[in-house]
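Make a model of the complete structure from these sequences and hints.
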Amino acid sequence: MPACACPLPVYLVGMDTNGERGYNLETGEGLMACPRCDALHIEEELIAGETARCIRCGTVLANPRGGAFLQLIALAFTTMVLMVGAMFFPFLEISRMGFGNATSLFGVALSFADGVLLPLVLAVLLMIVGLPVLRSFLLLYTLVPLAQGRPARRHAATAFRLSEHLRPWSMAEIFVIGTSVALVKVAGLASVHLGPAFWAFCALIFVNIASRGFMCQTTIWDAIEDSGVKTDGREMAETPKPGIST
Amino acid sequence: MNGETSNNHDARPVLTAHRAGLIGCHSCGRVWPTDHARCERCGETLTPPDRRRLQFVWAWLAAGIITYIPANVFPMMSTQTFAGLQGSSEATILEGVVELIHHGSYDIAAIVFVASVVVPIAKFVAISWLALVAGRPATVEQAHVRLKVYEVVEFIGRWSMIDVFVVAILSALVQLGFVASIHPGPAAVSFALSVAFTMLSAQSFDPRLIWRGLPLRSRSDGKDVQETRAE
Chain A
130 MPACACPLPV
140 YLVGMDTNGE
150 RGYNLETGEG
160 LMACPRCDAL
170 HIEEELIAGE
180 TARCIRCGTV
190 LANPRGGAFL
200 QLIALAFTTM
210 VLMVGAMFFP
220 FLEISRMGFG
230 NATSLFGVAL
240 SFADGVLLPL
250 VLAVLLMIVG
260 LPVLRSFLLL
270 YTLVPLAQGR
280 PARRHAATAF
290 RLSEHLRPWS
300 MAEIFVIGTS
310 VALVKVAGLA
320 SVHLGPAFWA
330 FCALIFVNIA
340 SRGFMCQTTI
350 WDAIEDSGVK
360 TDGREMAETP
370 KPGIST
Chain B
123 MNGETSNNHD
133 ARPVLTAHRA
143 GLIGCHSCGR
153 VWPTDHARCE
163 RCGETLTPPD
173 RRRLQFVWAW
183 LAAGIITYIP
193 ANVFPMMSTQ
203 TFAGLQGSSE
213 ATILEGVVEL
223 IHHGSYDIAA
233 IVFVASVVVP
243 IAKFVAISWL
253 ALVAGRPATV
263 EQAHVRLKVY
273 EVVEFIGRWS
283 MIDVFVVAIL
293 SALVQLGFVA
303 SIHPGPAAVS
313 FALSVAFTML
323 SAQSFDPRLI
333 WRGLPLRSRS
343 DGKDVQETRA
353 E
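Chains as they are written, first to last, in this note's numbering: chain A, 130 to 375; chain B, 123 to 353.
It is worth saying that the hints were derived from the structure and are not from the lab.
Where a beta carbon is used, it is the ideal one built from N, C-alpha and C, also for glycine.
There could be a bad hint or two in this list.
A short, non-exhaustive set of chain B residues, derived as facing chain A with CB atoms under 7 Å [claimed, not checked]:
#, residue
1, HIS148
2, VAL267
3, LEU269
4, VAL301
5, PRO306
Which chain B residues face chain A? A few, computed with CB under 8 Å, are given here [said to hold, decoys possible]:
#, residue
6, PRO155
7, SER227
8, PRO259
9, VAL311
See below:
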């Protein structure tokens, strides 16, 4: 990333496209601090496809993608639909000597409803189903008005911040690995078949990865902040300039 | 490209928000004067990079270590076959791994062993080390190593939950009445708590502290070392 030889040891985020935005060292306007190492950067508009990295520690500060808001909205809907399937379709089917058992995650929750381990089951369900759904909902709440060019809803900032805070706690992909370990453990005991809900979870991993690729927090924060005025169309940028992307 | 640029700029002093008399929001990156208590853009509480905040790290870490002890002592789950006639077995985390090795599934045994023994203990060590050295004088290289360690700890923490999910799936699935049934043991809960507490501990560590101890002017870091080597 380019570093300007300005008198202050402050470095640019990304390319200088218009150079109009000033910064103010008193109020912090137009500046951005790296969340990892606190290095100050001057905010500049990025073209879709560019990546801005911290000058010191290399943390990605912003990487806007063209049409990212619509993609994120579509992926959030996909997550919700897949979760309904993952919740109510059979997850695994097991049988041995005529005794069979097919469980959906919903069934699991019900079967533990009176047990001592109810808190554990609730926590597990929350991590694998509740949080992904909640995060999708929060993302839709934040992004739908922004993508339509309308001002952000009240509490959009809180919703998006909450959604980002909950990210490490939504563990659908770890659950899938856990399932494969469980399959091996139970293989000697009985025969097991995978149900549709398992494949829904596998699909969710890929949806999650795609969503992460389109997600640029800095762009969304800027859009929320600017939404009172009118979004500057950064997230809708049509043609990424070749050669600049990192 | 990234490695190249970071090497180029390593040796130069970098103006941080803290040195400029400002506070950067660790949630959205917006910069505010120090009299702001909350970020006006995202609503997050603004916290200056301060070693005193490390007590949160230590507190959660202590909770994580304490709950990790019963997680290893008590059984993770108990298996009953033929209503206990063919024997019922209780297995702790390590016994579960040994059992998997006896079954011949070495790869799965390795996954479970790494996820529920190696990773938690490595995390305890890594977080304690980070919290001890945070804010102490460091060269740029050391700071980069510490940030790398922090990012690995932050990324890998959630994966320890695998064993909890395995127990939850097995105990929900294997309910074949007379033939076989699996019940979760007390260790499952305490292990889940241990993982959650360590995740909170890692989250409350402020990576900006890693960079606080860097010298203001580059004397003996990055570039100079490389130059002397070249000579």
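Verification of the supplied hints:
For B:HIS148, the shortest C-beta to C-beta distance to chain A is roughly 5 Å, which falls under 7 Å, so the interface hint holds. Interface restraint check: B:VAL267 against chain A, minimum CB-CB distance 11 Å, threshold 7 Å, status violated. Taken as an interface hint, B:LEU269 checks out: its beta carbon lies about 6 Å from the nearest beta carbon of chain A, inside 7 Å. At about 5 Å, the closest approach between the beta carbon of B:VAL301 and any beta carbon in chain A falls short of 7 Å, and the interface hint on this residue holds.
Interface restraint check: B:PRO306 against chain A, minimum CB-CB distance 5 Å, threshold 7 Å, status holds. Because the closest C-beta pair between B:PRO155 and chain A is about 6 Å apart, less than 8 Å, the hint holds. Restraint check, B:SER227 versus chain A: the minimum CB separation of about 5 Å is within 8 Å; hint holds. At its closest, the beta carbon of B:PRO259 sits 16 Å from a beta carbon of chain A; the interface hint therefore is violated under the 8 Å criterion.
The beta carbon of B:VAL311 comes within 5 Å of a beta carbon in chain A, closer than 8 Å, and the hint placing it at the interface holds.
Hints 2 and 8 from the list above are not met by this structure, while the remaining hints are.
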